[in-house]
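Participant: The residues making up each chain are set out below.
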Amino acid sequence: MTASATAAERPTVTAFDPEAVRRDFPALHQEIHGHPLAFLDNAASSQRPRQVIEEIARFDSNDYANIHRGVHELSQRATAAYEGARDKVVRFINANDRKEIIFTRGTTDSINLVASSFARPVLNLGDEIIVTTMEHHSNIVPWQMICRERGAVIRVAPINDRGELEIEEFEKLLNPRTKLVAMVHVSNALGTINPVKRAIDAAHAKGVPVLLDGAQAIPHLRVDVQDLDVDFYAFSAHKMFGPTGVGVLYGKQALLESMPPYQGGGDMISVVTFEKTFYNGLPAKFEAGTPNITGVVGLGAAIDYLEQLDWGAVTAYEADLLDYGTELLEKIPGVKIIGTAEEKASVLSFLIDGIHPHDVGTILDRNGVAVRAGHHCAQPVMQRFSIPATTRASLAFYNNRDDIDALDRAIRNTIEVFS
Amino acid sequence: MNEELRDLYQDVIIEHSKRPRNNRALEAPANSAQGYNPLCGDQVKIYVRMDDGKVADVAFEGAGCAISTASASVMTETLKGMSADEAEALFTSFHDLVTGAAGPDDEDLGKLAVFGGVSEFPARVKCATLCWHTLRAAIAGQEDPVTTE
Ligand SMILES: Cc1ncc(COP(=O)(O)O)c(C=O)c1O
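Protein chains in written order, with the working numbering: chain A, 95 to 513; chain B, 9 to 157.
It cannot be assumed that every hint is accurate.
Pulled a few chain A residues facing chain B out of the computed Cβ check, cut under 10 Å [stated by the list, open to error]:
hint, residue
1, H127
2, A348
3, S352
4, W405
5, G406
6, G455
Hints in this document: simulated from the structure, not taken from any laboratory.
C-beta atoms are modelled at their ideal positions from N, C-alpha and C, and glycine is treated no differently.
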């Protein structure tokens, strides 16, 4: 491209080439029941690129040892890799300081940490935590448990028929008894992208901190925790092309400093006697015991992978794919999409007239199309729409129009079987 | 169409799933039990009235996917007049059939043989057996909901 080229002359090829990216993911290239695999279950867990698989193997083959305690070479290499991954997370979500990044077992563990160490000490009888109708069970049950213990209550901000948060209703729920807002950033069941900036501003205006469940946002959006001014942000590596069993809790330093430890054990202490124990500083205070060292290294490799992509191009590509899928599905008689928010990411949750999602899932699988059928750990969403379950196709940037075409054919086949 | 799919979704199964038999509640006096498949959220309630040690009437409410609805429907058709022991023996044969431990010709399963295709779909075995587990609880007068997990 020359400097004089006009916009129209510029090649549309960018740093993001979907077919090249696809080649990075070995699992995508196989046949399932005689059909090329169309992997459309990314919201449950995503596949890993060769770069992540190889970095994990390289680390385990050469540098593995326990961290933070060895004088020997391998322990130092492992510590450097583990703490290096923390620095990558800092950059990736634009945190202010590495003390703000806690490695956990995943989103669920991150939320439970906040429930236990932040919410438990501040909640008193009659206090409130606000969630929304579209939460994943992992952003409901920890609050229910802690509220029951403290005599506090959960208030639920409603959603409309398109699956969008009713933001004015949410704002009305904020009151002097509100101690925390816990909200999903992107809904796993509906794909809705919540107006989190507005929600955070409204909560902060009332002095209320906000936790965002970012499990589904991280693989689709670039998240800047300082720009959002969010207080806690939780996500899992396995939904962003990294390994299972590891995730992150971001927390503002002042909040994390003020919180008691989550679990007791090694690494989270500085001095232990039977009379008194001195806790370690951040982030070690929240990382008791030997962590998932290899998992953290794999998370770091997934971040490296994501950071070399052109995210403007990725989001445009994903939006185009979602539009394409939405159009195709809307053309099939008897198919209804659940979740039609204006702001939406990469989820096609749908019903077929008279056919149960469990049957749909089985027939799609025999057509090589991997989807999830069920309540997607979001039963209140199903109750809101008075349905038992949906079939959900969820996309990643490595999916293409062939995958969507396979979905379209498989849905038509399903209808045929039942006709 | 894929042959295994055709075996699973036989016409009889599709037909029963669309027009289930005995899909109603029984008035008291009748035993009932609730069954739940946490994997997919399906729920079934089985009612049974025993008379003189035999099934006088049996019916169901709820269910969900085609396999679980058809299974409950065909089950209720098959059971009338059987003793609890006969029902239990039939369940054992049915279980062997859907888990692939026995072929459809191994036992005298009558209409239940249409569920032989389920054995190729391990993820669907619980859909076919939920109503049977729940029936067993209903006959026994068990209060706690039955779950497949
Ligand atoms: C929106 C949302 N929140 C939380 C979770 C829980 O994540 P994990 O199981 O990795 O802890 C999920 C995963 O299904 C999710 O989609």
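Participant: Does each hint fit the structure? Answer for all of them.
Facilitator: Hints, verified against the model:
no.: 1; hint: H127; result: holds (7 Å)
no.: 2; hint: A348; result: violated (41 Å)
no.: 3; hint: S352; result: violated (38 Å)
no.: 4; hint: W405; result: violated (36 Å)
no.: 5; hint: G406; result: violated (39 Å)
no.: 6; hint: G455; result: holds (8 Å)
Hint check: violations occur at hints 2, 3, 4 and 5; the rest are consistent with the structure.
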